[in-house]
Every structure is written in structure tokens, then in C-alpha cells.
Amino acid sequence: DTAVSQTPKYLVTQMGNDKSIKCEQNLGHDTMYWYKQDSKKFLKIMFSYNNKELIINETVPNRFSPKSPDKAHLNLHINSLELGDSAVYFCASSQGTGGINEKLFFGSGTQLSVL
Amino acid sequence: AQKITQTQPGMFVQEKEAVTLDCTYDTSDPSYGLFWYKQPSSGEMIFLIYQGSYDQQNATEGRYSLNFQKARKSANLVISASQLGDSAMYFCAMREEGNKLVFGAGTILRVKS
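Note that the protein sequences, when read in sequence, are chains A and B. According to the numbering used here, the residues represented by the first sequence are 4 to 118, in order. According to the numbering used here, the residues represented by the second sequence are 375 to 487, in order.
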């Protein structure tokens, strides 16, 4: 069983469309994240949820809206997609805070291409 | 301010030799954690090793070890006996205030046969 699974793996869409990426973890972790990896491979945190509650909201356009229906799921909805949104989006989870508990378990990534 | 600095954009190493990937960090928090991840060309992020700021010994995991020099704020990854499968992007990361991991820009490692 995949620990952190995200779908779809590839997403190709037109500018202006709305799309969602889904993420689920079966590790029993309380904290989930969305990271964005740009074309230069730089990884930057976007959001973090702890037990369905938003705790980190970096400077991200409000076209991006995370939703956590329960602590095992964290979805990312993107409105009015722009060319600059093209990137790989990683979902991740961690057990908690303190030391090795902060180790991130990553999903396999979603390659988003906006045409 | 840059919290994690990886100064080597790319490195080459001969198969079976050891290689050191550099990482320096900046924090005023006495309690912090440092992580290394590997990202092969397939794209997944693979956890390699962790070092806590209060750990007395340098972390080791198989062929990976961390050369932790607290006073110099460096946490270099050492890979011994390099293998072709070690060719990948390597990221150093640190927990920042707010319990988020921030990543360095990464180092691409190429292992030559």
C-alpha cells in the first residue's frame, strides 16, 4: 500500500481552467502539506494542515485553495490556472512535531502543465 | 534570508568513491533538525538521513553519513562507495519556525562508471 498517494500523476490543462489534485495518506499522520517544485527544482511549502486545521499558509495566490475533509486527506484546488502554475506539486505528511517526527513522507508528485 | 545553502549545483564522482555534498544553514533556534532527501530522475522524494541539533553523534544510515559541524552550521552529506544508482538530485532541509521544512536549492550528483 502506498503511504502517501496523490492523483493524478500528470495533469495537462488550458489556461483559465479549474483543476484539483487529491492526496491521501494511510500512515495515521496528523500533519499534511502541499509543496510546489518549480522548473529549477526548488521546493517551497504552500500549505500545511494539522488534523484538518490550516496551520501554514505561505504567500500563495488565493486561486489555490486547500481542503482537508479529514486528517487523512488534503486536496488542492486551483482556480483560473495560469502558465506560471506549471510545476510539480507534492503532497506530504509527517507524524508530528519534534525531531525525526518532522520527517516528511512524500507522494509521488503531480506534474501540472498549463498550456 | 536564505536558511539553507547548497553551494554545489552539480557534482561528479567516480563509481565506488566517496563524495561529500555541502549544506550550510542559518538559524537562531537552539533546537532544530536537519534532513537530507534524494530525488532521482523518476521524481519521487526519498528520505535519507536526519540529524538533530542536540544529537551527540553524527547520524549514519548505511552508506550515508552526516558530517555535522554545529559551530560552523554545516551538515554535509557523505555518500561512501558511490553507485550508479546514486545519481540524483540531493536536497538538504531544515525545520523552520512554524514546523515546516525548508529546502536548499539542491545538488545534482552524477556517478561515473
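Derived by calculation from the structure, the hints in this document are not laboratory data. Honestly, I wouldn't trust all of these hints.
What the hints assert, rightly or not - Think about it this way: if two alpha-carbon atoms lie no more than 30 Å apart in a straight line, the pair counts; the simulated DSSO-like pairs of lysine-lysine are:
1) A:K47 to B:K444
2) A:K12 to B:K444
3) A:K25 to A:K106
4) B:K486 to A:K22
These are the hints, each one checked on the structure:
no.: 1; hint: A:K47 to B:K444; verdict: holds (25 Å)
no.: 2; hint: A:K12 to B:K444; verdict: violated (39 Å)
no.: 3; hint: A:K25 to A:K106; verdict: holds (21 Å)
no.: 4; hint: B:K486 to A:K22; verdict: violated (41 Å)
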